[in-house]
Amino acid sequence: MNEPMVWLTIFVLSVFVGVEVVSKVSSTLHTPLMSGANAIHGIILVGAILVTGSTDEPVAIGIGLLAVVLAAINLVGGFVVTDRMLEMFSGKKKPARPAESDDSKVGGAL
Amino acid sequence: MPTWVQLAYLAAGVCFILALKGLSSPRTARRGNLIGAAAAAAATVVVFFQTDLQNVQLIIGAIVIGSVIGAVGARKVQMTQMPQMVALFNGVGGGAAALVALLELSEFLHVGADIESFTAFATAFTVLIGAVSFAGSVVTFAKLQELMTTRPVVFAGMPVVVGLVVVGSIVLTVLLTISPEMPVAVALAVLGLAFGLLLVLPVGGADVPIVISLLNAFTGLTVAASGYILENPLLLIAGTLVGASGTLLTILMAKGMGRSVLNTLFGAFRGGSTLG
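Protein chains in written order, with UniProt numbering: chain G, 1 to 110; chain B, 1 to 276.
In isolation and in its complexed conformation, chain G is listed as follows (with noise of 0.2 Å):
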């Protein structure tokens, strides 16, 4: 298999892969895993770093320090916004489980 199929090849995998991991997703999990999925994008910060690291020149040192702070905010703020909405479900879920309607509500609202 040359280079290029390989590639190929996991790009059609992963595709299949995300689209069958959300398949069953409950509508309540809709924006957390929208910020979830968010967050993993920023792994951009990887791509930042590494054209960073391989440039001598003064100006394409700027542009990447400036693309590492933007990944850096996608990827860290995208966690900890996520396991904030996250908090949000299981910290009302415990303390009232009998008003387990009004939490699907807060859940549906977000």
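Hints in this document: simulated from the structure, not taken from any laboratory.
Check before you lean on any hint, since a few could be wrong.
Said to hold, decoys possible - Heads up, simulated BS3-like pairs for lysine-lysine below, C-alpha to C-alpha not over 25 Å straight-line:
| no. | chain 1 | residue 1 | chain 2 | residue 2 |
| --- | --- | --- | --- | --- |
| 1 | B | LYS21 | G | LYS24 |
| 2 | B | LYS255 | B | LYS21 |
| 3 | B | LYS255 | G | LYS24 |
Claimed, not checked - Partner residues aside, some chain G positions facing chain B, computed with beta carbon under 7 Å:
| no. | residue |
| --- | --- |
| 4 | VAL17 |
| 5 | HIS30 |
| 6 | HIS41 |
| 7 | ILE43 |
| 8 | ILE44 |
| 9 | ILE49 |
| 10 | THR52 |
| 11 | ILE61 |
| 12 | ILE63 |
| 13 | VAL69 |
| 14 | ALA72 |
| 15 | ASN74 |
| 16 | ASP83 |
No residue lacks a Cβ here, since even glycine has one placed at the ideal position from N, Cα and C.
Could you slot chain B onto chain G? The hints should help.
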């Protein structure tokens, strides 16, 4: 790339799959998010061992600055304002992907490397869609934060302008694929910004969450394309996972609101009733 680095990237990719799987069910959602965060942190450390990197201290400083901004922003934001915060995080991610692609292109040109046409196409895609995601997310933020009207914004001749931008984007993408040059790439980025504005302006406030989800999927695909450009399998896997799951999620969200994705985006063009 050392073998252990490649194995670490593979493990991180698997963790991202587990993270998305976990996030799909209320019982495991929080654990799923933590698995994803742990994998991202590990990958961020591992990348420093992938090759010999320059400017390491500056890079670490930039990571710290970005992490603090992201963490403080995410902690301080009120519960009701979380969707626009997610939009903003998504936008900066798309912007970062576009910058990464531009820098890699300039580095290729600088060393006079032979750029394969598919790599050039992936660069064009990342620059264009990354810019769309950035500008679009800023507009969704402005709408949800009520910095601007939440009603659909359309002006006379808007479909024509949108059409011109679409045609221009396709022409520049083809041009960049055939002969990769910096001015074309920069023009494509500018066109992408305009495209992002025009895409989100006609969307009404209630439909904005669907558009955020769509732009989120877009950013995922740009990250996947940068993975191909940089020959980094983790970026390809993570970006594709987000692109695919985000697309499905967008469809599910639209269905949940009794709308179709296309109607959400272009409904405002079809006359009076959806404008109000």
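Given G/VAL17 as an interface hint, is the shortest Cβ-Cβ distance to chain B below 7 Å?
-> Holds, because the Cβ-Cβ distance from G/VAL17 to chain B comes to roughly 6 Å (cut-off 7 Å).
Hey, does the G/ILE49 contact hint survive, CB to chain B under 7 Å?
-> holds, 5 Å
Interface restraint verdict for G/THR52 against chain B (beta-carbon cut-off 7 Å) = Given a least distance of 5 Å, the restraint on G/THR52 holds.
Hint check: 7 Å Cβ-Cβ cutoff, G/ILE63 to chain B = holds, 6 Å
Restraint check, 7 Å cut-off on beta carbons, for G/ALA72 near chain B | It holds, given that the least Cβ distance between G/ALA72 and chain B is near 3 Å, below 7 Å.
Restraint outcome when G/HIS30 is required to lie within 7 Å of chain B by C-beta distance = Holds: closest Cβ of chain B sits about 5 Å from G/HIS30, inside 7 Å.
Should the hint that G/HIS41 touches chain B count as held when the rule is a Cβ pair under 7 Å?
-> For G/HIS41, the interface hint holds, since the closest Cβ of chain B sits about 5 Å away, which is under 7 Å.
Against chain B, run the beta carbon of G/ASN74 and see if the smallest gap drops under 7 Å.
-> Holds, because the Cβ-Cβ distance from G/ASN74 to chain B comes to roughly 4 Å (cut-off 7 Å).
Under 7 Å, Cβ to Cβ, is where G/ILE61 needs to be relative to chain B, so tell me if that hint holds or is violated.
-> It holds, given that the least Cβ distance between G/ILE61 and chain B is near 6 Å, below 7 Å.
Holds or violated: B/LYS21 with G/LYS24, Cα cutoff 25 Å?
-> Measuring from Cα to Cα gives roughly 9 Å; hence the hint holds.
Compare the distance between the alpha carbons of B/LYS255 and G/LYS24 with 25 Å, and conclude whether the hinted pair is satisfied.
-> Status holds; Cα separation ~14 Å.
Do the numbers back the hint for G/ILE44, that is, is its least Cβ distance to chain B under 7 Å?
-> Since the shortest Cβ distance to chain B is 5 Å, the answer is holds.
Of the numbered hints given earlier, the model fails none.
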